[in-house]
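Protein chains in written order, with the numbering used here: chain A, 1 to 472; chain B, 1 to 98.
No wet-lab data here; the hints were simulated from the structure. Among the clues, some could well be false.
[What the hints assert, rightly or not] Straight-line C-alpha distance at most 20 angstroms; calculated EDC-like pairs for lysine to aspartate or glutamate:
(1) A/Lys85 / A/Glu363
(2) A/Lys454 / A/Asp375
(3) A/Lys310 / A/Glu373
(4) A/Lys27 / B/Glu19
(5) A/Lys333 / A/Asp365
(6) B/Lys23 / A/Asp375
(7) A/Lys23 / B/Glu19
(8) A/Lys333 / A/Glu459
(9) A/Lys401 / A/Glu373
(10) B/Lys23 / A/Glu459
(11) A/Lys372 / A/Asp385
(12) A/Lys262 / B/Glu19
(13) A/Lys401 / A/Asp415
(14) A/Lys310 / A/Glu418
(15) B/Lys55 / A/Glu59
(16) B/Lys23 / A/Glu373
(17) A/Lys310 / A/Glu463
(18) A/Lys291 / A/Asp442
(19) A/Lys333 / A/Glu463
(20) A/Lys27 / A/Asp375
(21) A/Lys32 / A/Glu369
[As the list claims (entries may be wrong)] Simulated restraints, written as ranges between beta carbons of each label pair:
(22) B/Leu15 / A/Ser162: 15 to 23 angstroms
(23) B/Leu11 / A/Val178: 23 to 31 angstroms
(24) B/Leu12 / A/Leu443: 50 to 58 angstroms
(25) A/Leu268 / B/Leu11: 41 to 49 angstroms
(26) A/Leu268 / B/Leu15: 17 to 25 angstroms
[What the hints assert, rightly or not] One-sided and incomplete, this derived list gives chain B residues near chain A with beta-carbon spacing under 8 angstroms:
(27) Ser4
(28) Pro26
(29) Thr49
For glycine and all other residues, C-beta sits at the position ideal for the given N, C-alpha and C.
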Amino acid sequence: MNVSLIQSFINLIAVLLLALGIKGLSKVRSAKEANRLAAFAMFLSIIGLLTYYLGKPGEGITQQSWLWIIIGTFIGSLLGAILAKRVPMTSMPETVALFNGCGGMSSLLVAIGVIFFQRNETFIQDISILISIFVGSITFSGSIIAMAKLQGWLSTPSWTQSKIRHLINISIAIISLVAFLNLIQSVNTSTIWLLVISSTILGIGVTLPIGGADMPVVISLLNSYSGIAAAAAGFVVGSQLLIVAGAMVGAAGLILTQVMCKGMNRSLVSVLFGGTLSSQSKKLDSGGEYKNITSCSVEECALTLEAANKVIIVPGYGLAVAQAQHTLREVAKILEQNDIDVSYAIHPVAGRMPGHMNVLLAEADVPYEQLKEMDNINPDFPATDVVLVLGANDVVNPQAKSDQNSPLYGMPVLDVQEARTVFVIKRGMSAGYSGIKNDLFDLPNTSMVFGDAKQVLSELMAELKELGVGAK
Amino acid sequence: MDFSQAFWVLLLGSLLGLELIGKVPPTLHTPLMSGANAISGITMLAALTLIITAKNNLPLLIIGSISLGFALFNVVGGFVVTDRMLAMFNRKPSKKLK
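All chains should be built: construct the whole structure from the sequences, respecting the hints.
Shown next, in the form of structure tokens:
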């Protein structure tokens, strides 16, 4: 039987499974199986490729090739698996960014390998190589910067917030474009490196000014780029499967980016070119002083909680930083033993990434039914006795509804101020991601409990136990 | 594979990608992104092709091998990490059954 026919057949099945995988990943019920299905499809595609070369007369795979395949496979898979197993759940976003950057790097290397050693000098191949280099470099450097920023290794340098950055980025983009056009006419080594370097710098220049809050959107966009880079690499080596899979990821990534933007009420343009929210708000915000802050002790907080019937917990990034999810779960258990109704309000963009809080709370064994999405829980706040805001800030800022001049205006928020009492557990008075004053803190029914989330929660637990709560 | 054929494949692949994702619950944004990211490591096939067709060209073999390493780092890491994330959601049905 014809081997290329077998490969085509295997590839067709792989594409089908990949499509089903992406589709399934967007539904809660099928997500886990879908992920495994996609992984299996990838494995299948390797089998297909090896079958093709092994079975094709006059082709075969030399021993030397096998050696290098095994080396690459072994090191890459092993490191990937180790990192993926070891990384704590709280640093998921930066891990995804790192993986994504490596995907971009891979496409870049394929393009460089082909242009130096295997060029067949067709116009289409040349263009695909150049696109692969351009997009691959941007994906790589952009993802690495995104990772470094999320890890806290890099802050946002203040000069990147000035308008000059646009000028710099545009100049670099023009240099890349010129190099690109030059290479279409004639390929030479130094221009190739110019393209690699300028597009790498472009990736850095575009990602660096973007604030932490918008990073998830950027990672999603870069993920879409790495799909495009893969599709371009598909043109380079003439693989249909690569083109389909790359195009699929590229397009799906764009849609996901759009969905995420909507969740944050930000447009993609303002994410990419607007700089951080705080730099925008500095211009807008005039009186950023708090006038009516009430701070209270853990003891008072415990007393109020003891008397409550319904408690809603609003987790945010601060909870993830403090790694307080397990302590939180313990506190919630104590309250539940006292017949207090406890639920968790999950804002779609709480934390550093959509879904961040769900993952975090799931790690602490919080029952899934207690996690309520914003639209479902907002009507519950007026009938709630106590709201505990744990390290969340912008997502509970009433300004988003009341102040038309606020940069947050229009972002959907949790209406915690409707509850009878709100406790905000926070390390200090610093602003959230957006750098915007939170009107919630000034309200008469809000009390601040200052301290690290984990420490406050364990103190709270001790106080509750002393009051005899949960000691049935 | 000629160009027009490749172009059609690109076009249809993109349309498929656009259609695949409609509504995504916020919970799944991160896993979906991570899973799609793992799939973008499909460049591993390009890297493999490079190594296989390199014959005895050592620099090309090395570039291909590094490229394959990066791609598989992306693929294996991506799927494992997605699996870990999703494993956390999957506890809910077992809880419900109890």
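Consistency of the hints with the structure:
1. Between A/Lys85 and A/Glu363, the direct Cα distance comes to roughly 14 angstroms. Compliance with the 20 angstroms bound is thereby established for this hinted pair.
2. A distance of roughly 28 angstroms separates the Cα atoms of A/Lys454 and A/Asp375; the hinted pair therefore is violated under the 20 angstroms criterion.
3. A distance of roughly 17 angstroms separates the Cα atoms of A/Lys310 and A/Glu373; the hinted pair therefore holds under the 20 angstroms criterion.
4. Under the criterion of a C-alpha separation no larger than 20 angstroms, the hint pairing A/Lys27 with B/Glu19 is consistent with the structure, at around 14 angstroms.
5. Between A/Lys333 and A/Asp365, the direct Cα distance comes to roughly 11 angstroms. Compliance with the 20 angstroms bound is thereby established for this hinted pair.
6. Distance check on the hinted pair: B/Lys23 and A/Asp375 sit about 15 angstroms apart at the alpha-carbon level, within 20 angstroms; holds.
7. Only pairs whose Cα atoms come within 20 angstroms are accepted, and A/Lys23 paired with B/Glu19 is accepted, the gap being roughly 9 angstroms.
8. Distance check on the hinted pair: A/Lys333 and A/Glu459 sit about 15 angstroms apart at the alpha-carbon level, within 20 angstroms; holds.
9. Annotation: proposed proximity of A/Lys401 to A/Glu373 holds, straight-line Cα distance about 18 angstroms (limit 20 angstroms).
10. Taking the CA atoms of B/Lys23 and A/Glu459, the gap is near 41 angstroms; set against the 20 angstroms cutoff, the hint is violated.
11. The straight-line distance between the Cα atoms of A/Lys372 and A/Asp385 is roughly 17 angstroms, inside the 20 angstroms bound, and the hint therefore holds.
12. At most 20 angstroms may separate the alpha-carbon atoms for a hinted pair to count; A/Lys262 and B/Glu19 meet this at roughly 18 angstroms.
13. A threshold of 20 angstroms between alpha carbons decides the hint, and for A/Lys401 with A/Asp415 the separation of about 9 angstroms falls inside it, so the pair holds.
14. This hinted pair checks out: A/Lys310 and A/Glu418 have alpha carbons roughly 13 angstroms apart, not beyond 20 angstroms.
15. Among the hinted pairs, B/Lys55 with A/Glu59 is consistent with the structure: their alpha-carbon atoms are about 10 angstroms apart, no more than 20 angstroms.
16. Distance hint between B/Lys23 and A/Glu373 is fulfilled; the C-alpha atoms sit about 15 angstroms from each other, no more than 20 angstroms.
17. For a cut-off of 20 angstroms, the pair hint linking A/Lys310 to A/Glu463 stands: about 19 angstroms separates their Cα positions.
18. Between the alpha carbons of A/Lys291 and A/Asp442 the distance comes to roughly 6 angstroms, so the proposed pair stays at or under 20 angstroms and holds.
19. With a C-alpha separation of about 14 angstroms, the suggested pair A/Lys333 and A/Glu463 falls inside the 20 angstroms cut-off, and the hint holds.
20. Distance hint between A/Lys27 and A/Asp375 is fulfilled; the C-alpha atoms sit about 19 angstroms from each other, no more than 20 angstroms.
21. Distance check on the hinted pair: A/Lys32 and A/Glu369 sit about 19 angstroms apart at the alpha-carbon level, within 20 angstroms; holds.
22. B/Leu15 and A/Ser162 have their C-beta atoms about 41 angstroms apart, which leaves the hinted 15 to 23 angstroms range violated.
23. Hint check: B/Leu11 to A/Val178, Cβ distance near 29 angstroms, so the stated range 23 to 31 angstroms holds.
24. Against the hinted window of 50 to 58 angstroms, the Cβ-Cβ separation of B/Leu12 and A/Leu443 comes to about 55 angstroms, which satisfies the hint.
25. The hint said 41 to 49 angstroms for the Cβ distance between A/Leu268 and B/Leu11, and at roughly 23 angstroms that hint is violated.
26. For the hinted restraint 17 to 25 angstroms between A/Leu268 and B/Leu15, the CB-CB distance of approximately 21 angstroms keeps it satisfied.
27. Against a cut-off of 8 angstroms between C-beta atoms, the interface hint on B/Ser4 is violated, since the closest Cβ of chain A lies about 10 angstroms away.
28. For B/Pro26, the suggested interface contact is upheld, since its CB lies about 4 angstroms from the closest CB of chain A, less than 8 angstroms.
29. Of the supplied interface hints, the one on B/Thr49 holds, with its beta-carbon coming within about 5 angstroms of a beta-carbon of chain A, less than 8 angstroms.
Violated hints, in rising order: 2, 10, 22, 25 and 27; the structure is consistent with all others.
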